[in-house]
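Protein chains in written order, with this note's numbering: chain A, 67 to 182; chain B, 81 to 192.
Careful: at least some of the hints might be erroneous.
Unchecked claim - Looking from chain A toward chain B, a few residues come up when the C-beta cut is under 8 Å (computed):
#  : residue
1  : Gln-108
2  : Ser-109
3  : Leu-110
4  : Val-128
5  : Ile-159
6  : Glu-170
7  : Phe-172
8  : Phe-173
9  : Gly-174
10 : Pro-175
11 : Gly-176
Bear in mind the hints are in silico, worked out from the structure with no lab data behind them.
Beta carbons are placed, not taken as given, at the ideal position from N, Cα and C, and that holds for glycine.
The primary structure of each chain is shown beneath.
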Amino acid sequence: GAVVSQHPSWVICKSGTSVKIECRSLDFQATTMFWYRQFPKQSLMLMATSNEGSKATYEQGVEKDKFLINHASLTLSTLTVTSAHPEDSSFYICSAPTWSSYNEQFFGPGTRLTVL
Amino acid sequence: EDQVTQSPEALRLQEGESSSLNCSYTVSGLRGLFWYRQDPGKGPEFLFTLYSAGEEKEKERLKATLTKKESFLHITAPKPEDSATYLCAVQYVNFGNEKLTFGTGTRLTIIP
Numbered sequence: 067g068a069v070v071s072q073h074p075s076w077v078i079c080k081s082g083t084s085v086k087i088e089c090r091s092l093d094f095q096a097t098t099m100f101w102y103r104q105f106p107k108q109s110l111m112l113m114a115t116s117n118e119g120s121k122a123t124y125e126q127g128v129e130k131d132k133f134l135i136n137h138a139s140l141t142l143s144t145l146t147v148t149s150a151h152p153e154d155s156s157f158y159i160c161s162a163p164t165w166s167s168y169n170e171q172f173f174g175p176g177t178r179l180t181v182l
Numbered sequence: 081e082d083q084v085t086q087s088p089e090a091l092r093l094q095e096g097e098s099s100s101l102n103c104s105y106t107v108s109g110l111r112g113l114f115w116y117r118q119d120p121g122k123g124p125e126f127l128f129t130l131y132s133a134g135e136e137k138e139k140e141r142l143k144a145t146l147t148k149k150e151s152f153l154h155i156t157a158p159k160p161e162d163s164a165t166y167l168c169a170v171q172y173v174n175f176g177n178e179k180l181t182f183g184t185g186t187r188l189t190i191i192p
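This is chain A alone, in the form it adopts within the complex (with noise of 0.2 Å):
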């Protein structure tokens, strides 16, 4: 199956300070990336659809202003969370669907933040 690659894997950063995750896939191309959160023993929550050479499209409640994503190639889209607060603290998940089966998304590892 295809592969989606994330980094940091882990990252523990002081309140106030931005963090940058990345997710790429690794043998496709893919023009379209989502970010899911999930918080301890809970599903996963989308967050915002990440579009290649275009604005990222945000669920409800999700602050745009907080949670920036970058999809400026095929293969690498960035989410960077701002301004960081403990409230932040999650296992955040990218995904991509490939071009021989759009319906099927694959998963990356996920990063883990946790905020002090």
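The hints should help you fit chain B onto chain A, whose structure is shown.
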């Protein structure tokens, strides 16, 4: 309101004890139903996609089925390595937009 509900929340089975996990949904405009396996601290791993009622798919000890209201993930003679959280997700069209909504998952533990 569109919803995806999984049951049970947690399930403990003895090795070799077969069972089924349920995913019920109340969305309109279903495009596909997906099953994923998620290990702790990792991203979901794709298992199956089902598109229409009556469809079935199998992979090793797992078999997924779909009706108009629910999907079942049957696990036959499970092994300890099948222990994981199993997520279902429903893809549908909402006001012209494709949406993928996840259930809360079933935590499956297989006891040797």
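Hints, one by one, checked against the model:
{"no.": "1", "hint": "Gln-108", "in the structure": "holds (7 Å)"}
{"no.": "2", "hint": "Ser-109", "in the structure": "holds (4 Å)"}
{"no.": "3", "hint": "Leu-110", "in the structure": "holds (5 Å)"}
{"no.": "4", "hint": "Val-128", "in the structure": "violated (14 Å)"}
{"no.": "5", "hint": "Ile-159", "in the structure": "holds (5 Å)"}
{"no.": "6", "hint": "Glu-170", "in the structure": "holds (6 Å)"}
{"no.": "7", "hint": "Phe-172", "in the structure": "holds (6 Å)"}
{"no.": "8", "hint": "Phe-173", "in the structure": "holds (4 Å)"}
{"no.": "9", "hint": "Gly-174", "in the structure": "holds (5 Å)"}
{"no.": "10", "hint": "Pro-175", "in the structure": "holds (5 Å)"}
{"no.": "11", "hint": "Gly-176", "in the structure": "holds (5 Å)"}
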